[in-house]
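A.B. asks: Just remember that the numbering used here sits 334 ahead of the position in the sequence shown, which is counted from 1.
Simulated from the structure, these hints should not be mistaken for lab results.
Every residue, glycine too, gets a C-beta built ideally from N, C-alpha and C.
Check each hint, because a few of them may be wrong.
Think about it this way: if two alpha-carbon atoms lie no more than 30 Å apart in a straight line, the pair counts; the simulated DSS-like pairs of lysine-lysine are [to be verified]:
id : residue 1 : residue 2
1  : Lys377    : Lys366
2  : Lys499    : Lys485
3  : Lys627    : Lys583
4  : Lys583    : Lys373
5  : Lys552    : Lys580
6  : Lys684    : Lys569
7  : Lys373    : Lys580
8  : Lys576    : Lys485
9  : Lys663    : Lys568
10 : Lys684    : Lys583
11 : Lys646    : Lys678
12 : Lys627    : Lys355
13 : Lys659    : Lys568
14 : Lys373    : Lys336
What follows is a set of in silico ranges between Cβ atoms, one per label pair, in the way DEER data are often shown [claimed, not checked]:
id : residue 1 : residue 2 : range
15 : Gly622    : Leu521    : 25 to 31 Å
16 : Met578    : Phe658    : 20 to 26 Å
17 : Met335    : Lys659    : 33 to 39 Å
18 : Asn528    : Leu378    : 37 to 43 Å
19 : Pro643    : Met335    : 20 to 26 Å
20 : Tyr701    : Ser668    : 28 to 34 Å
21 : Lys504    : Phe617    : 28 to 34 Å
22 : Gly622    : Tyr514    : 51 to 57 Å
23 : Asp487    : Ile558    : 23 to 29 Å
24 : Glu348    : Gly622    : 44 to 50 Å
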Amino acid sequence: MKNYELSTDNNLLEYIEDFEKAGYVSTFIGSKTDFILGKPHHKLFCSLPENAFSKSKLTKKVFRKFWSPKKHIEYRKLDYIIRYYVYINNVFDYINQILIDIAVRQCYGESAAKDPYFLDSIFSLFESEVSFGEKAILSLLKFSVFNRKSKSDRARDFLRDFVLKGRLKKMSKKTIGDNYSLVNIILKNQVKINISDDIFYTALPDYLILFVTLLGDKLPNFLIDISLDPTVFKKLEIEQKKIMAKYGKRITISCLNEMVYLDAAILESIRLGITMKESQCDFFLPNGVFVPKGSFVKFNNITHNRTSPAFKMQPHNYIPERHFKIGTKLGVISENNLMWGLGKGCPYRKYCEYFLKLFASTLIRNYKISQGENA
């Protein structure tokens, strides 16, 4: 059917009518997305496990990365006062660099981030240079799978040897905080609980990648949404001031649980975002449509996430307050919040919820987030 999402003369009612006639399964002309699914397939889209229908694998493939280790080192050396006044032209790159910094310190410690060879290997894990969206899929298809795998394998080899051959240990001796990194915690307990050395090649790099890529599209979109609506940002700012007056500047779990407007604002941003996955095996939809392995499948938000029956007032607009009326919460799976899956659900959703709120609240407390005076 006609590619209504990229067409300049599209009509929403015509789009919905044509999509309904197609049985809520279609392929857009000229699109690199293989299938677009509608509301009847919503629960199936959210409930299939990662080994059948993967969001994380597709997100890693289309993760945007336009910076180098050298650029990242220069960014880390910036004085915090200079950073405070910097005008952010690309919020995606800026947030992703911060997330890389957090993930490296969390996994390997502060000392590791000072090693240029280590950083080069870390950035080799984030080699894709396209953005997440319809226009990016064509670029993704041009990549060489074999080159990507070999480069990633070399990076993982280095990271494993960096830990096991003692290079990290020598660097960490002078930094007390490094004792609390994931690597050091694993090494101290490796023999006791029988942890294989393979963890430094597989699970730890995977955790670092997913930490950055899965949060790297949600946080920038949230910041863009609140920058476009000064009223929403003001309400978020007032909420943070009230919490600081009650608890002080330290952010605890109790503080995060009281950030109800922030919870709704993040969830609202995610509701309006794109949901896309990659099939990991061949399967049939309930209506008989065959979806081959390796297909890019997107859920059509207009048929559910932007409907009045589900989300009440002005479903196409960014209105955090709607979630107070319909009872949805960021970390709770429901009919109107299936971002964590359906059925078993994501076991790390509470951790992700808290980190999203911790990161966002820290920015709101310290920065004025807007489009600028001349926007």
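A.B. asks: Against this structure, judge whether each hint is valid.
C.D. replies: Tested hints:
no. : hint                        : result
1   : Lys377 - Lys366             : holds, 24 Å
2   : Lys499 - Lys485             : holds, 21 Å
3   : Lys627 - Lys583             : violated, 49 Å
4   : Lys583 - Lys373             : violated, 43 Å
5   : Lys552 - Lys580             : holds, 29 Å
6   : Lys684 - Lys569             : holds, 24 Å
7   : Lys373 - Lys580             : violated, 43 Å
8   : Lys576 - Lys485             : violated, 49 Å
9   : Lys663 - Lys568             : holds, 21 Å
10  : Lys684 - Lys583             : holds, 22 Å
11  : Lys646 - Lys678             : holds, 28 Å
12  : Lys627 - Lys355             : holds, 26 Å
13  : Lys659 - Lys568             : holds, 20 Å
14  : Lys373 - Lys336             : holds, 19 Å
15  : Gly622 - Leu521: 25 to 31 Å : violated, 53 Å
16  : Met578 - Phe658: 20 to 26 Å : holds, 22 Å
17  : Met335 - Lys659: 33 to 39 Å : holds, 34 Å
18  : Asn528 - Leu378: 37 to 43 Å : holds, 39 Å
19  : Pro643 - Met335: 20 to 26 Å : holds, 24 Å
20  : Tyr701 - Ser668: 28 to 34 Å : holds, 32 Å
21  : Lys504 - Phe617: 28 to 34 Å : violated, 50 Å
22  : Gly622 - Tyr514: 51 to 57 Å : holds, 54 Å
23  : Asp487 - Ile558: 23 to 29 Å : violated, 35 Å
24  : Glu348 - Gly622: 44 to 50 Å : violated, 26 Å
Checked against the numbered hints above, the structure breaks hints 3, 4, 7, 8, 15, 21, 23, 24 and satisfies the rest.
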